[in-house]
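In UniProt numbering, the protein residues as written are 1 to 206.
Accuracy of the hints is not assured; some may be wrong.
Only pairs whose alpha carbons sit at most 25 Å apart, straight line, appear in this in silico BS3-like list of lysine-lysine [said to hold, decoys possible]:
{"id": "1", "residue 1": "Lys32", "residue 2": "Lys61"}
{"id": "2", "residue 1": "Lys203", "residue 2": "Lys41"}
{"id": "3", "residue 1": "Lys192", "residue 2": "Lys203"}
So the derived label-pair ranges between C-beta atoms look like this [unchecked claim]:
{"id": "4", "residue 1": "Arg90", "residue 2": "Gly60", "range": "18 to 26 Å"}
{"id": "5", "residue 1": "Met186", "residue 2": "Gly26", "range": "14 to 22 Å"}
{"id": "6", "residue 1": "Lys203", "residue 2": "Pro118", "range": "37 to 45 Å"}
{"id": "7", "residue 1": "Asp120", "residue 2": "Thr62", "range": "39 to 47 Å"}
By construction, these hints were calculated from the structure, which means they are not laboratory data. The structure presented is a predicted model; accordingly, all values stated were derived computationally and were not measured. Built from N, CA and C at the ideal position, the CB exists for glycine as well.
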Amino acid sequence: MAEELILYTNPMSRGRIARWMLEETGVPYETKIIGFDGGMKSPEYLAVNPMGKVPAIRHGKTIVTECAAICAYLADTFPEANLAPEPDERGNYYRWMFFAAGPLEAAATNKALGFDTPADKSRMAGYGSFSDVMNTLEKAVGASPYIAGNRFTAADVYVGSHIGWGMSFGTIEKRQAFVDYYGRLMARPGYKRASEIDDASMKAAE
1 MAEELILYTN
11 PMSRGRIARW
21 MLEETGVPYE
31 TKIIGFDGGM
41 KSPEYLAVNP
51 MGKVPAIRHG
61 KTIVTECAAI
71 CAYLADTFPE
81 ANLAPEPDER
91 GNYYRWMFFA
101 AGPLEAAATN
111 KALGFDTPAD
121 KSRMAGYGSF
131 SDVMNTLEKA
141 VGASPYIAGN
151 RFTAADVYVG
161 SHIGWGMSFG
171 TIEKRQAFVD
181 YYGRLMARPG
191 YKRASEIDDA
201 SMKAAE
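Sequences and hints are given; from them, build the entire structure.
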């Protein structure tokens with residue numbers, strides 16, 4: 001008997017990343033919508049994620065939080081979905097997934113907050129400068145059709161989500177390489193299914 005898989009999410013959050021990843025795996029799962037007004041800080045949900053944030057997944061007795069970890073976990077747990085490269089081909093897969101979780105996330109967040117790293121302090125920041133991050137990301141998405149090579153992987157779910165979200169909200173520049181890359185991802189059936197589910201959930205909550 002398959003272990004129960006539950007997604008804790010909110011359609012107006014990074015939970016959309018986890019939803020997309022789950023739709024790419026094709027495995028059945030239950031959704032629990034967690035509200036921003038009290039739900040995320042309730043004792044019940046804090047027992048799942050002490051940070052009081054979504055998304056999180058529960059797979060049997062295993063709980064995973066943080067979007068990059070959720071993407072990596074699901075790719076490894078459901079290998080039949082073919083969302084991770086072979087172990088000896090995972091260099092770029094790990095590299096860019098965690099680049100997005102580290103330098104890209106930090107640089108985009110600081111930009112949203114109106115903070116620019118002083119030029120003489122850039123060595124103190126793990127990402128250097130915003131322009132360093134954008135230039136590096138542009139080269140990465142322009143090097144091959146997908147972030148880890150010639151086929152789609154879980155790393156594209158995570159990196160692509162950051163790029164799409166960032167371009168929508170102005171924290172990532174709309175460079176042509178980003179637009180082209182994200183366009184390829186938006187054409188995927190898994191992306192479309194996930195977006196339809198979350199968009200419907202948002203509409204129902206209005």
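Against the structure, the hints:
no.: 1; hint: Lys32 x Lys61; verdict: 16 Å, holds
no.: 2; hint: Lys203 x Lys41; verdict: 23 Å, holds
no.: 3; hint: Lys192 x Lys203; verdict: 16 Å, holds
no.: 4; hint: Arg90 x Gly60: 18 to 26 Å; verdict: 25 Å, holds
no.: 5; hint: Met186 x Gly26: 14 to 22 Å; verdict: 19 Å, holds
no.: 6; hint: Lys203 x Pro118: 37 to 45 Å; verdict: 44 Å, holds
no.: 7; hint: Asp120 x Thr62: 39 to 47 Å; verdict: 45 Å, holds
Against the hints set out earlier in the document, no violation occurs for any number.
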